[in-house]
Amino acid sequence: MPSYHRWTSRIKVNVPALIEFREVAYRVGGRDILRGVNLTIEDHETLVLLGRSGSGKTTLLKMINRLLEPSQGTITFQGKALSDWDPIRLRRSIGYVIQDGGLFPHHTVEQNVGLVPRLENWPVEKTRARVKELLEAVGLAASTYGARYPRQLSGGEKQRVGIARALAADPVLLLLDEPFSALDPVTRFGMQKHFAELTKSFGKTAIFVTHDIREALMLGTRIAVLKDGRIELLVSPKEFAKADTPEAMAFLGTLEGGAHAGV
Amino acid sequence: MRASEVFEVTMEHLLLVGISVAVALAIATPLAILLLTRARLRRWTLAAVNVIQTIPSLALFGLLLPIPLIGGVGKQTAIIALVLYALLPIVRNIVVGILGVDAGVRESAVAMGMTASQVLWQVEVPLAIPTILAGVRIATVATIGTATIAAAIGGGGLGTFVFRGIASANMTTVLAGAIPAALLAIIADEVLEWLERRLSY
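Quick mapping for you: the protein sequence lines, in order, are chains A and B.
The numbering used here puts the first residue of the first sequence at 1, with every later residue one more than the last.
The numbering used here puts the first residue of the second sequence at 1, with every later residue one more than the last.
Hint data in this document are derived by calculation from the structure and do not stem from the laboratory.
Fair warning: there could be bad hints in the mix.
[Unchecked claim] From the structure, some residues in chain B lie toward chain A, with a derived Cβ separation under 8 Å:
1. 105
2. 110
3. 114
[Unchecked claim] Cβ pair distances, simulated, as ranges:
4. B:30 <-> A:44: 42 to 52 Å
5. A:16 <-> B:103: 25 to 35 Å
6. A:193 <-> B:104: 22 to 32 Å
7. B:118 <-> A:40: 26 to 36 Å
8. B:118 <-> A:193: 29 to 39 Å
9. B:41 <-> A:197: 44 to 54 Å
10. B:118 <-> A:80: 17 to 27 Å
Here the structure is a predicted model, which is why all the values come from computation and not from measurement.
The beta-carbon is built from N, C-alpha and C at its ideal position, and this holds for glycine as well.
Given these sequences and hints, build the entire structure.
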């Protein structure tokens, strides 16, 4: 079927990648935080950015929703240069979760989760139904937790609310900056499993920043290793086990003998 | 001196304080918001209102007297001086309160697609309310005290009794001014502190 083949390959060429970084650099105060970053992110993948503190992974993440602007290079989102996007529109279509959740302390759980729908002027009833649906999806009963304030939640519950909030307006992309790093190991493991199910069931594309190689292997469909502002390696978790670049090997070395195969 | 007269003068005092603090708050709010993003201007402005604060109140009232339009004997001059005094604690606490909002909360607000004014009015200001109210409380208590001196330039209020009592060496008249002023200060302090606690998260 040569014509069919040509047709499908045409489509592949014409549909732009969700995100594309071209020769992106970020410099602040004479220091290079990111250098020569080229990266393509496709729909429905979970890309993990793995690196030590100061490797530039958070900077890379924050450029996608324009919390930071590149010093050089271009980034496109849905085929359109980020600089041509209205930052408010852009951010409302991208969910964002940070380490301590960043929940509004003066809003209830329900108000926190309903934030973006409210900003988008959804009808009250629709917002309420969506909040309920999402709280249940992250494993919190809306009737129990809806009226609570963030200070009345445990660390794990806060992160669940943070994820529900990020998903609220059905964003095309989720950005997560070490969302589980501050949790105890047992809670963290539960959250990781739950998150993997969530991204699958909601069909979300996610970019996930972490310094934890187990987390990277467990959640990533691809793993990018960052070292001193460059992407050293970009592979699938399977290929990662055989990686021979220095930083990837340094991370592999933190796993006890053979454990990574089973994670 | 009848009780009704004391009551009347106390109300006059309260009005003087109320107007001064309200005007100070009305000036301080836009000023503080303007200063949030301008670090250099912020330093200079806070230094300037700090200097005003160090001028003894009687001297400031005296300095304002000869200035045309705003000066002269009367309530207007008193209010202008009281507003100048109340500015510092209010401006400073608005600025400190808003800049002190948790960075993660602010970043999330921006990242969720809130506009700058939504971030300010729906996140930063509500979270800074306890600190802002603390500034209003400090300003109010101080103004209740300073306002007694305003009587020296015809500002009226409880200071009238104090000055009259001193001039005629009548202790009762002095206390008729001093005791209500002290009580007002204590009550204002308690009420505003209660409000501060009610509105903190």
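Against the structure, the hints:
1. For residue 105 (chain B), the suggested interface contact is upheld, since its CB lies about 6 Å from the closest CB of chain A, less than 8 Å.
2. Annotation: interface hint on residue 110 (chain B) holds; nearest CB of chain A at approximately 7 Å, less than 8 Å.
3. Hint on residue 114 (chain B) holds. Least Cβ distance to chain A is approximately 6 Å, under the 8 Å limit.
4. Hint check: residue 30 (chain B) to residue 44 (chain A), Cβ distance near 48 Å, so the stated range 42 to 52 Å holds.
5. For the pair residue 16 (chain A) and residue 103 (chain B), the beta carbons lie near 34 Å from each other, so the given range of 25 to 35 Å is met.
6. A C-beta distance of roughly 25 Å is found between residue 193 (chain A) and residue 104 (chain B), which places it inside the suggested range of 22 to 32 Å.
7. At about 33 Å, the beta-carbon gap between residue 118 (chain B) and residue 40 (chain A) stays in the expected band of 26 to 36 Å.
8. For the pair residue 118 (chain B) and residue 193 (chain A), the supplied restraint of 29 to 39 Å holds, since their beta-carbon distance comes to about 35 Å.
9. Here the CB-CB span from residue 41 (chain B) to residue 197 (chain A) is close to 51 Å, well matched to the stated 44 to 54 Å.
10. Judged by the Cβ atoms, the range 17 to 27 Å given for residue 118 (chain B) and residue 80 (chain A) holds: they are separated by roughly 24 Å.
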